[in-house]
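A.B. asks: The primary structure of each chain is shown beneath.
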Amino acid sequence: MHGSPHALAGDLPAVAADVFARLRERAPRIHCITNSVAQAFTANILLAVGAIPSMTIAPQEVADFAARADALLVNLGTFDAERRAAIEIALEKISEGKRPWILDPVLIDVSQPRAAYARVLAGRKPAAIRLNAAEFLALSGAGAGLEHFQAKREPVRRPETRHAKDALARFAAETASVIGLTGATDIVGDGTRHIEIANGHPLMNAVTAMGCAASALVAACLCVEKDAFAATASALLAFSVAGEIAADMSKGPGSFAVVFIDALHNLDRTMFINRARVS
Amino acid sequence: MHGSPHALAGDLPAVAADVFARLRERAPRIHCITNSVAQAFTANILLAVGAIPSMTIAPQEVADFAARADALLVNLGTFDAERRAAIEIALEKISEGKRPWILDPVLIDVSQPRAAYARVLAGRKPAAIRLNAAEFLALSGAGAGLEHFQAKREPVRRPETRHAKDALARFAAETASVIGLTGATDIVGDGTRHIEIANGHPLMNAVTAMGCAASALVAACLCVEKDAFAATASALLAFSVAGEIAADMSKGPGSFAVVFIDALHNLDRTMFINRARVS
Amino acid sequence: MHGSPHALAGDLPAVAADVFARLRERAPRIHCITNSVAQAFTANILLAVGAIPSMTIAPQEVADFAARADALLVNLGTFDAERRAAIEIALEKISEGKRPWILDPVLIDVSQPRAAYARVLAGRKPAAIRLNAAEFLALSGAGAGLEHFQAKREPVRRPETRHAKDALARFAAETASVIGLTGATDIVGDGTRHIEIANGHPLMNAVTAMGCAASALVAACLCVEKDAFAATASALLAFSVAGEIAADMSKGPGSFAVVFIDALHNLDRTMFINRARVS
Numbered sequence: 000m001h002g003s004p005h006a007l008a009g010d011l012p013a014v015a016a017d018v019f020a021r022l023r024e025r026a027p028r029i030h031c032i033t034n035s036v037a038q039a040f041t042a043n044i045l046l047a048v049g050a051i052p053s054m055t056i057a058p059q060e061v062a063d064f065a066a067r068a069d070a071l072l073v074n075l076g077t078f079d080a081e082r083r084a085a086i087e088i089a090l091e092k093i094s095e096g097k098r099p100w101i102l103d104p105v106l107i108d109v110s111q112p113r114a115a116y117a118r119v120l121a122g123r124k125p126a127a128i129r130l131n132a133a134e135f136l137a138l139s140g141a142g143a144g145l146e147h148f149q150a151k152r153e154p155v156r157r158p159e160t161r162h163a164k165d166a167l168a169r170f171a172a173e174t175a176s177v178i179g180l181t182g183a184t185d186i187v188g189d190g191t192r193h194i195e196i197a198n199g200h201p202l203m204n205a206v207t208a209m210g211c212a213a214s215a216l217v218a219a220c221l222c223v224e225k226d227a228f229a230a231t232a233s234a235l236l237a238f239s240v241a242g243e244i245a246a247d248m249s250k251g252p253g254s255f256a257v258v259f260i261d262a263l264h265n266l267d268r269t270m271f272i273n274r275a276r277v278s
Numbered sequence: 000m001h002g003s004p005h006a007l008a009g010d011l012p013a014v015a016a017d018v019f020a021r022l023r024e025r026a027p028r029i030h031c032i033t034n035s036v037a038q039a040f041t042a043n044i045l046l047a048v049g050a051i052p053s054m055t056i057a058p059q060e061v062a063d064f065a066a067r068a069d070a071l072l073v074n075l076g077t078f079d080a081e082r083r084a085a086i087e088i089a090l091e092k093i094s095e096g097k098r099p100w101i102l103d104p105v106l107i108d109v110s111q112p113r114a115a116y117a118r119v120l121a122g123r124k125p126a127a128i129r130l131n132a133a134e135f136l137a138l139s140g141a142g143a144g145l146e147h148f149q150a151k152r153e154p155v156r157r158p159e160t161r162h163a164k165d166a167l168a169r170f171a172a173e174t175a176s177v178i179g180l181t182g183a184t185d186i187v188g189d190g191t192r193h194i195e196i197a198n199g200h201p202l203m204n205a206v207t208a209m210g211c212a213a214s215a216l217v218a219a220c221l222c223v224e225k226d227a228f229a230a231t232a233s234a235l236l237a238f239s240v241a242g243e244i245a246a247d248m249s250k251g252p253g254s255f256a257v258v259f260i261d262a263l264h265n266l267d268r269t270m271f272i273n274r275a276r277v278s
Numbered sequence: 000m001h002g003s004p005h006a007l008a009g010d011l012p013a014v015a016a017d018v019f020a021r022l023r024e025r026a027p028r029i030h031c032i033t034n035s036v037a038q039a040f041t042a043n044i045l046l047a048v049g050a051i052p053s054m055t056i057a058p059q060e061v062a063d064f065a066a067r068a069d070a071l072l073v074n075l076g077t078f079d080a081e082r083r084a085a086i087e088i089a090l091e092k093i094s095e096g097k098r099p100w101i102l103d104p105v106l107i108d109v110s111q112p113r114a115a116y117a118r119v120l121a122g123r124k125p126a127a128i129r130l131n132a133a134e135f136l137a138l139s140g141a142g143a144g145l146e147h148f149q150a151k152r153e154p155v156r157r158p159e160t161r162h163a164k165d166a167l168a169r170f171a172a173e174t175a176s177v178i179g180l181t182g183a184t185d186i187v188g189d190g191t192r193h194i195e196i197a198n199g200h201p202l203m204n205a206v207t208a209m210g211c212a213a214s215a216l217v218a219a220c221l222c223v224e225k226d227a228f229a230a231t232a233s234a235l236l237a238f239s240v241a242g243e244i245a246a247d248m249s250k251g252p253g254s255f256a257v258v259f260i261d262a263l264h265n266l267d268r269t270m271f272i273n274r275a276r277v278s
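Residue numbers (numbering that gives the first Met the number 0), protein chains in the order written: chain P, 0 to 278; chain R, 0 to 278; chain B, 0 to 278.
Source of the hints: derived by calculation from the structure; they are not laboratory data.
For each residue, glycine too, the CB sits at the ideal point set by N, CA and C.
Among the clues, some could well be false.
As the list claims (entries may be wrong) - Calculated lysine-lysine pairs in the BS3-like style (CA-CA distance at most 30 Å, straight line):
hint, chain 1, residue 1, chain 2, residue 2
1, P, LYS250, R, LYS250
2, P, LYS250, B, LYS97
3, B, LYS225, B, LYS164
4, R, LYS225, R, LYS164
5, B, LYS250, B, LYS92
6, R, LYS225, R, LYS250
7, B, LYS97, B, LYS225
8, P, LYS124, P, LYS97
9, R, LYS250, B, LYS250
Said to hold, decoys possible - Output of the computed footprint for chain R on chain B, the stretches with three or more beta carbons under 8 Å from beta carbons of chain R:
hint, segment
10, 33-46
11, 130-137
12, 172-178
13, 203-211
Chain P extracted, bound-state conformation (with noise of 0.2 Å):
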């Protein structure tokens, strides 16, 4: 394992960079529970960058399947009495191993069974949490300031981060987890360490399954990358990267899902260095 705790921001391309290499050179396998919309793209995605993934969810299974991966995906989309079930196993697993595993809150702002079971797995001490404003304030009860971090369906424009910065990483501080809060900007936070990408592409968000894709893009890097915050960071900014490059070869939605596949897949350090736009 590589990596120890730095600022990053000017580093984050070079890092990136490296943690893509060691991807694909180690192959790690990642155990998804994920939801019934977003699994086959899910695969595809970290097959592309090198990963092995798999997706049961069969309570007699799912304990030898997270036994033998590296990290764990914990995916509330699609929040179900047999998915519970499989996340409790599964956690329990990955915790005796002590590896890491991330927790994407799915859309916790329109339900609030998710909302309730979501705060509970946050205390669980998972590596990372990657979601999107409206979840964050879900989550954390955190509010003002974060109305800047839409999707990137907006016009990207600088969003006044300073709020959203401070509850950040009070949140973060308070699990004890790195923070990957998607938007226009995506910013990631530890605690004491903060970190913006500017990359992206409003296409992103006419595809579906495009965020529960990045959280297990996340959790293939922090099998290669110790620093949990720079692991996010580089995988959000490998995805973001990735759709802007695909957006430029795309023709709408269909064909840039295909070709953003195909961007992760070939990203390599001229890529990262190049486009990266980080603060």
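Here the structure of chain P is known, so what remains is to put chains R and B in place on it, guided by the hints.
C.D. replies: Structure of chains R and B alone, referenced to chain P:
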């Protein structure tokens, strides 16, 4: 809301162009209870036209999602106990809000339990029902003449539509729903009005979940066009025109499915007007 | 039905071309009990070659679908109680009609309950079993020599196949099934006959559900070719040849998956004959 009842036919391309412009502007929320095969493709079709899909079928959550949806899709593919429970909960919420819903009775010609339940649902005032000829026969008991409405796989020929037209009008009147019957020619009827759309391409039958996605698109159009007849016809015209455009640009069903999403995303007034073959 | 048992090898390209011509002509129905990750891709692969997929696993419906299917796919990915019940019902119907079925024991090397159930199923006379080397080891208990049959991800090299060949022949004889073992080289055996297919491309390992879809294609070929050995070899040859063609035309795993479907759809006699590397 726009749109007062009118005979349509010659006006349909302009009406459909307006409907699709409003979709992009208003971004309606569509809750989809649909089969697992169709979920991802359906979500991507809705996102491509500017609508916002949700897909959960978990009993403890579906009420929250249906409560904030602008329309509901009830698709009977992969008909199971969980989905049946979800349908009942979602329908109650949607009916409370007097918002529209659409029934897609997938393959009820094969499964008796599914057909029986579809007949119950058809009696609960869906704004529209979209189906193919075999499903229409199973749902309505109508017969003669409908054998002409084969899948688009068949060479397009002018059907003898007299009997079909009458059967459709009767069933539409009986259910107080708009019926959208898709095939080599699509026909839409509401009991008094009737329209036929000759657009489309055989490759539309070589991609899974195309019919399911067409129904989801009807649901979206119902949110921005009060006249359910105009909404249904607009959705089916858009679908068939996009199919023709995509066929011109693809080399098989794989690329067709991708380019089809792009084409729907990029549909503009000129394409509706130049391509529509409506009577 | 065509096809009498023969040694194949040199004849396989012509036999496979005939099989695929018959698929397009006869449009057999394949009922697929498969995992949720693979459903949409599998359906699209079947549609691309002219077959008609169905996918329901609901216990109250699966008998109706299996009763009218020409073949059944039993895929153990996402192995749960509902799918297990569906498998039993569907197998009974298929056996009554003396129609063929295929077993795909996905990842039984990881999950003990899945492996135990796969062994039971292998004793119930599937026409074919398609699996990779690790799954073959878990199912048959065979060992030495099989480590050569890595995933296609590895550089293709000539395996020392003596032991593998013997182990396959023994297991095929024991189960009275054709065994299709896929990897860098695919091998097909029925106890007396044996064939090796050296076609394929590493990108086939970078797309989820490729193996699952290959099994579905075997199911389709079993409907139009009475000799299960020829049917299995034809399906796997088509798959690997389409993989090579798609790799030539794609820029990564995203475009590969799309172009692969086009390539399968467009396979013709010349491509089989010019591309096949069979011994």
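A.B. asks: Taking the numbered hints from earlier one at a time, note which ones the structure violates and give those numbers from smallest to largest.
C.D. replies: 2, 5, 6, 11, 12 and 13
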